[in-house]
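**Student:** Residue numbers (my numbering), protein chains in the order written: chain Y, 146 to 427; chain V, 202 to 453.
These aren't lab readings, by the way, just hints derived from the structure by calculation. By construction, the Cβ of each residue, glycine as well, lies at the ideal position given by its N, Cα and C atoms. Accuracy of the hints is not assured; some may be wrong.
What the hints assert, rightly or not - Stretch-level coverage of chain Y by chain V, calculated; a stretch enters the list once three of its residues show a Cβ under 8 Å from a Cβ in chain V:
hint	stretch
1	198-204
2	269-277
3	367-379
4	400-407
Claimed, not checked - Where chain Y lies over chain V, by a calculated footprint (3+ residues, C-beta under 8 Å):
hint	stretch
5	234-241
6	256-267
7	332-343
8	417-431
Spelled out, the chains give:
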Amino acid sequence: MTDGSAIAGTERVYRHPLAVRLWHWVTAATVVGLLFTGFNIFNIHPRLYWGEVGNAHTIPIIALESTETGGPRPTTRPAPAALRLGSHLWDVTGHLGVVADAGEDGLYFMIVATPDSWQFGAMRAWHFALAWMLFLTWACYSVYTLVGGRLRRTLLPSARQVTARAIVQDLWDHLRLRAPRGEAARHYNLLQKLSYLIVLFCLIPSIVLSGLTMSNAVTARFPELYALFGGRQSARTVHALCALALCMFALVHIVQLFVAGFINEVRSMITGQFEIPRESGK
Amino acid sequence: MTKPVTRRALLVGAAAGAVGLIGVDALRGKLSERVLSASQSLTIRTQRILLRRRPLVREFSPADISVVFPTNGTTRPVGDDYGRLAAGGFSDWVLRIDGLVATPLALSLAQLRRLEARTQITMHNCDEGWNAVAQWKGVPLGHLLKLAAPTMRANYVVFHCMDKREDGQHYYESIDLFDAFHPQTILAYEMNGRSLPVAYGAPLRLRVETQIGYKNAKYIGRIELVDQLDRFGKGRGGWWEDADGAVWYAGQ
Chain Y
146 MTDGSAIAGT ERVYRHPLAV RLWHWVTAAT VVGLLFTGFN IFNIHPRLYW
196 GEVGNAHTIP IIALESTETG GPRPTTRPAP AALRLGSHLW DVTGHLGVVA
246 DAGEDGLYFM IVATPDSWQF GAMRAWHFAL AWMLFLTWAC YSVYTLVGGR
296 LRRTLLPSAR QVTARAIVQD LWDHLRLRAP RGEAARHYNL LQKLSYLIVL
346 FCLIPSIVLS GLTMSNAVTA RFPELYALFG GRQSARTVHA LCALALCMFA
396 LVHIVQLFVA GFINEVRSMI TGQFEIPRES GK
Chain V
202 MTKPVTRRAL LVGAAAGAVG LIGVDALRGK LSERVLSASQ SLTIRTQRIL
252 LRRRPLVREF SPADISVVFP TNGTTRPVGD DYGRLAAGGF SDWVLRIDGL
302 VATPLALSLA QLRRLEARTQ ITMHNCDEGW NAVAQWKGVP LGHLLKLAAP
352 TMRANYVVFH CMDKREDGQH YYESIDLFDA FHPQTILAYE MNGRSLPVAY
402 GAPLRLRVET QIGYKNAKYI GRIELVDQLD RFGKGRGGWW EDADGAVWYA
452 GQ
């Protein structure tokens, strides 16, 4: 974890072109906004279902539920709450779950209380604006990385990386939290490449398509989307699980910054300049 | 070696920071409005291309109808006027269609029931995330609009509702003529084969199937054709739009 700029003889390479750096930071900010607004949208109906239909009177697969008899709108505080995963229930009373009074609309069961100024409708409006941002910048970046041959050069695993020996070595290095040095640090390592490929060509397309499956107008034109996800509520559940997967990716991504050298990694994503860590013992 | 930070640099930095914050603050209101309106117009333009051949939303079979259909928003309008109408089976209720039309109309429930009708089993998708399936029967809005003959200046259809919300304002909603003439956009007076119950918007509610829950105004009393939406409420085109920052075009 050394920033070896003071050490003479270290080699600097221009690692990230401007387009990559721009896309990275715009996407990082957009995803933070989408997770924030998305969580607030989920908060008002924290129940996930499988199939076409799901509401307070049907059984969810994942949910924060009131254990008070009388359904999803409890009357006592703190709200008696249970986290449901399939048929398993964990009591989370006092930790999660609040009753929100919505005047004429009665009581709502939510994960956490949010300030009144966080208008639910506005959260949705921002979510859609940010979704456009994510989609348009993703489309631009995908074209850039595919057309320029960058995908093959930087993201697809090289023949040398997919030998049994190299795969075992890469896994072992990750388990020991050992970042590549010297020659190996010139390229992304195997797990790094796979995680970027999964985010770029699996998670982002899935989250966009499952989001669009919740649109009445889009599904009027493309009803196939319902079949793709197995129903509207399934699409909503896939959407939420993809968001969870993006959170996990972001977490590991940030932990890896510290493993590989925080200053060097962050600088390379700001200025493009990356310092090759020297082989140990040289 | 880096130079120590001078007092001058510190002051210049602080001043620049303050100016920046004021600038951001001044822009914030208007900038966010501009961003959201750009996003909405991108959505509406894209979806208009997708809907240009007027595809229908999915319709379901009677077996798919939800046993319990959750109620939302107003479930019983307060006030003597509504109570009197409901007590009389809405026989004294009249739907007025006016504004920018060549032929203003006033129709009773019995007259509406004699007009061309459409029955559809569709999915109601609330913006909160839940949904339910029901059968709706009613007059295609496009058919009524043809009878009223909107003038060239008419752009929007405003639905004035009989229920008052907690802020004292009557619920209202609006859609444009494109969505108003969609074949599945109907004014429903029946739900699941029975007269529309009070909790679901009796005597008449909108079903605009290409859009989401809150656009489907209940307890309709008057339909007004207009060129601009800015003279209603806060000018954002609907009660949730005004009170909660909800998007006006809710095709998503």
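**Student:** Hint by hint, work out which the structure violates, then give me just those numbers in ascending order.
**Tutor:** 4, 8
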